[in-house]
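A.B. asks: Make the full structure from the sequences, and use the hints.
Each chain, written out:
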Amino acid sequence: MTTALLSVQNLRVTFPTRQGAFQAVRGVSFDLGRERLGVVGESGSGKSMTGRAILGLVRPPGRVTADRLTLGDQSILNLPERQMRAIRGNRISMVMQDPKFSLNPVMRIGDQIIEAYRLHAGGGRDAARQKALDMLRAVQIRDPERVMGAYPHEVSGGMGQRIMIAMMLAPDPEILIADEPTSALDVSVRTEVLNIMDGLVRDRGMGLIFISHDLNLVAQFCDRVLIMYAGRVVETLAAKDLHNARHPYTQGLLNSLPRLDHPVERLAVLQRQDSWRDVPLQTDLPGGL
Amino acid sequence: MSDVQYQSRRDWLLTDAPQTRRQARLGAIYQGWLTFRANKLAMFGLVILILLIVMAIFAPLLAPYSPFSQDLTNRLQPPGAANWLGTDHLGRDIMSRLIHGSRITLFIVGTVALIAPIIGLFVGTVAGFAGGWVDQVLMRITDIFLAFPKLILALAFVAALGAGIGNAVLALAITAWPPYARLARAETLTIRNADFIAAARLQGAGPMRLLIGHIWPLCISSLIVRVALDMAGIILSAAGLGFLGLGAQPPMPEWGAMISDGRTYILDFWWVAAMPGLAIFIVSLAFNLLGDGLRDVLDPKGAKE
Amino acid sequence: MLTVTDLNVWFGYPPDRVDAVKAASFTVAQGESFGLVGESGSGKSTILRAITGLIDTWSGQIEVAGQAVAGRKRDRAFHKTVQMVFQDPYASLHPRHSVDRVLSETLKLQGMDDIDGRISRLLNDVGLGKGFRFRYPHQLSGGQRQRVAIARALAAEPKLLLLDEPTSALDVSVQAEILNLLTDLRAEHGLTYVMVSHDLAVVGHMCDRLAVMRGGRIEEIMTVDQLRHAGATQDYTRHLIAASAGYERS
Numbered sequence: 033m034t035t036a037l038l039s040v041q042n043l044r045v046t047f048p049t050r051q052g053a054f055q056a057v058r059g060v061s062f063d064l065g066r067e068r069l070g071v072v073g074e075s076g077s078g079k080s081m082t083g084r085a086i087l088g089l090v091r092p093p094g095r096v097t098a099d100r101l102t103l104g105d106q107s108i109l110n111l112p113e114r115q116m117r118a119i120r121g122n123r124i125s126m127v128m129q130d131p132k133f134s135l136n137p138v139m140r141i142g143d144q145i146i147e148a149y150r151l152h153a154g155g156g157r158d159a160a161r162q163k164a165l166d167m168l169r170a171v172q173i174r175d176p177e178r179v180m181g182a183y184p185h186e187v188s189g190g191m192g193q194r195i196m197i198a199m200m201l202a203p204d205p206e207i208l209i210a211d212e213p214t215s216a217l218d219v220s221v222r223t224e225v226l227n228i229m230d231g232l233v234r235d236r237g238m239g240l241i242f243i244s245h246d247l248n249l250v251a252q253f254c255d256r257v258l259i260m261y262a263g264r265v266v267e268t269l270a271a272k273d274l275h276n277a278r279h280p281y282t283q284g285l286l287n288s289l290p291r292l293d294h295p296v297e298r299l300a301v302l303q304r305q306d307s308w309r310d311v312p313l314q315t316d317l318p319g320g321l
Numbered sequence: 051m052s053d054v055q056y057q058s059r060r061d062w063l064l065t066d067a068p069q070t071r072r073q074a075r076l077g078a079i080y081q082g083w084l085t086f087r088a089n090k091l092a093m094f095g096l097v098i099l100i101l102l103i104v105m106a107i108f109a110p111l112l113a114p115y116s117p118f119s120q121d122l123t124n125r126l127q128p129p130g131a132a133n134w135l136g137t138d139h140l141g142r143d144i145m146s147r148l149i150h151g152s153r154i155t156l157f158i159v160g161t162v163a164l165i166a167p168i169i170g171l172f173v174g175t176v177a178g179f180a181g182g183w184v185d186q187v188l189m190r191i192t193d194i195f196l197a198f199p200k201l202i203l204a205l206a207f208v209a210a211l212g213a214g215i216g217n218a219v220l221a222l223a224i225t226a227w228p229p230y231a232r233l234a235r236a237e238t239l240t241i242r243n244a245d246f247i248a249a250a251r252l253q254g255a256g257p258m259r260l261l262i263g264h265i266w267p268l269c270i271s272s273l274i275v276r277v278a279l280d281m282a283g284i285i286l287s288a289a290g291l292g293f294l295g296l297g298a299q300p301p302m303p304e305w306g307a308m309i310s311d312g313r314t315y316i317l318d319f320w321w322v323a324a325m326p327g328l329a330i331f332i333v334s335l336a337f338n339l340l341g342d343g344l345r346d347v348l349d350p351k352g353a354k355e
Numbered sequence: 029m030l031t032v033t034d035l036n037v038w039f040g041y042p043p044d045r046v047d048a049v050k051a052a053s054f055t056v057a058q059g060e061s062f063g064l065v066g067e068s069g070s071g072k073s074t075i076l077r078a079i080t081g082l083i084d085t086w087s088g089q090i091e092v093a094g095q096a097v098a099g100r101k102r103d104r105a106f107h108k109t110v111q112m113v114f115q116d117p118y119a120s121l122h123p124r125h126s127v128d129r130v131l132s133e134t135l136k137l138q139g140m141d142d143i144d145g146r147i148s149r150l151l152n153d154v155g156l157g158k159g160f161r162f163r164y165p166h167q168l169s170g171g172q173r174q175r176v177a178i179a180r181a182l183a184a185e186p187k188l189l190l191l192d193e194p195t196s197a198l199d200v201s202v203q204a205e206i207l208n209l210l211t212d213l214r215a216e217h218g219l220t221y222v223m224v225s226h227d228l229a230v231v232g233h234m235c236d237r238l239a240v241m242r243g244g245r246i247e248e249i250m251t252v253d254q255l256r257h258a259g260a261t262q263d264y265t266r267h268l269i270a271a272s273a274g275y276e277r278s
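Protein chains in written order, with the working numbering: chain A, 33 to 321; chain B, 51 to 355; chain C, 29 to 278.
Careful, some of the hints might be misleading.
[Unchecked claim] List time: in silico SDA-like cross-link candidates among lysine to any residue, alpha-carbon distance up to 25 Å:
| no. | chain 1 | residue 1 | chain 2 | residue 2 |
| --- | --- | --- | --- | --- |
| 1 | C | K136 | B | S272 |
| 2 | C | K136 | B | R72 |
| 3 | C | K101 | B | A255 |
| 4 | C | K158 | C | K101 |
Hint data in this document are derived by calculation from the structure and do not stem from the laboratory.
C.D. replies: Below, the structure is given as structure tokens:
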């Protein structure tokens, strides 16, 4: 890996509660190069919060601290909202789980893409429109003219997610953060959406952070995987080595999945141990952590 | 009886694993109280309302004079040592009248707050739950009531029934229920298709059980919030009726009627109208603040921001 | 145990009528575990809702334990025979009813006696101790909620349990616990399952036979053995199996 696009050191997200401060993310560190980085964990592991913290989307009273959070040479830790907004979309984009909640329901899709593009790149309306059509074609929408004129409720979930990706990629960001981009989609559509993301990331040399609960999917799609548990990274692995994972949590997750090719009477149940909360196991990776 | 030791009563209440039905229920109430207490303004409203209730209960003891005794030699005195809030055009002590008037205000507010939401809850949930023509009929009736300005409709009722505090309350209650019916219906429509209703149906629960046991508990909280926020309006409407001479009849110390009495002297003797006005303002504000706090507790999704 | 013949289910009226299920037929034998697989909108959950009478716009024959059912009305015997577990444990429990209230109400409706004893036994059956009896849903995790929902379904001591994606809202480790629980309960109580899922691996683990649905039609019915050993006869099924195997970089 050459230079890191994004460098995160000891990231923490803290929420005050009645019982005292609750740390949703407890000291996460990683460097992102031009690669597909998977972040895997169960609900409550802090994986989504990590993505939101990078983008400055943690709402008060939540607090984000880090020893280092740099995008290229620039520190983006707790930037004022104005500057953050310039970075969000322009340099880092995010794709959310359900396109239904990310698209404005009363605005035509074309107008939304054009507006998003002009907000970040400026330029005339016609140029933006051309760019929007190109983007829709890039995400393999066959009839972009028609889709431009449609409202979000008139398209399917898979199409909506592709439109979101088109919108997020329009300003040519350096990093794309995808938070469970395919969990709301059917399996057959999922493959298509992943293919599109894969192609775009490869062609443009973007860094991708792919947040998901689906260990197998991440292993197949990404280059490197961070496994999170209770707000910490417990293990970092090259994706191809996932099935040789050493941390008992990772192994437990893998074993608890039913598999068509390995029928079992009973599924292995994950026995959680308190020590996992505090002792992260780091696997040495060339160029990794 | 419990096999777990708790550090304090607070821990006992806040535990995630209550041992008895009573502990669970008290715990839920205590959680609500903590949320409510965190809202300083709501606490302020609650304190004012408690003071109002105490004032109403002990009115004869607190009031320095009789609210009815006239002293024409002492009329229209400004606030001073003898009459803290001054006297009115018949020489009656304004503070004593305000203190006794709090009973009337509480009576009006309490009765309306009891009748209107109950009618609204019943009509709204039945309409929303039954659907079809029942819904159509009930909601059109609601629309008819909503088509008239509230105070005008109340005026018409009072005019038909005769002036007096009882009729005023009745008129206010009859005109106040339609918004609650709408609210309850909207809530019911979202709850009606929830999985937990389907699950209860599959246990063989009949429509009455679903309505009372499952739908009402979820509608009531938003209704309570709404009622608390509407209270100010009800007090004002009651005062309005009093002001127009259609509510409490003289010499009853109803706050609205007191403003009406003071209206003639408002330029030279401002306190006669201003003092009851201030009382109405403070109580209305208190109810609004209380309603905000209740929303934090009962309707978490609508709270904050 | 369950026979469905020529089932059509629709929503709305012409011209906006949507046919959610078209001419679906299948039988489930006593003690069997049958899977309904398909993507969203394929009509798999709709079939369950028609069986339980939550939807009344259907035609065809549905027979449960030899008794034909019609329209929306179901009698008490039906509720004692058939129960359902819903997909989202966050939506299927009343937010203001404690576990105790949920279970005792269910038991009363089923006309059971010894309610205290039964609640303890039910909670034990689903792997929750008696410490959970007085909790409210917000004091439970997703997996615990689903256990409560399963306990509620078992309260009537049914013969046939309809499972509508019982684990799709849960984490994989919790899914394993719930699937194991369902396996144990079936063995203990001799239950018959009809399980709806979009996850072929889950159905493969839980069921003996399955029907693959697409666009409201049953594409094919096969055994899990056929599913595992490339015995699918329809292109769509093969495509589905390939897609669920994961992502192959093209």
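A.B. asks: Take the hints in turn and mark each one as holding or not.
C.D. replies: Going through the hints against the structure:
1. C/K136 <-> B/S272: Not OK: C/K136 and B/S272 at ~29 Å, beyond 25 Å, violated.
2. C/K136 <-> B/R72: Status holds; Cα separation ~20 Å.
3. C/K101 <-> B/A255: Satisfied, since the Cα-Cα distance of roughly 12 Å is no more than 25 Å.
4. C/K158 <-> C/K101: Violated, at about 35 Å.
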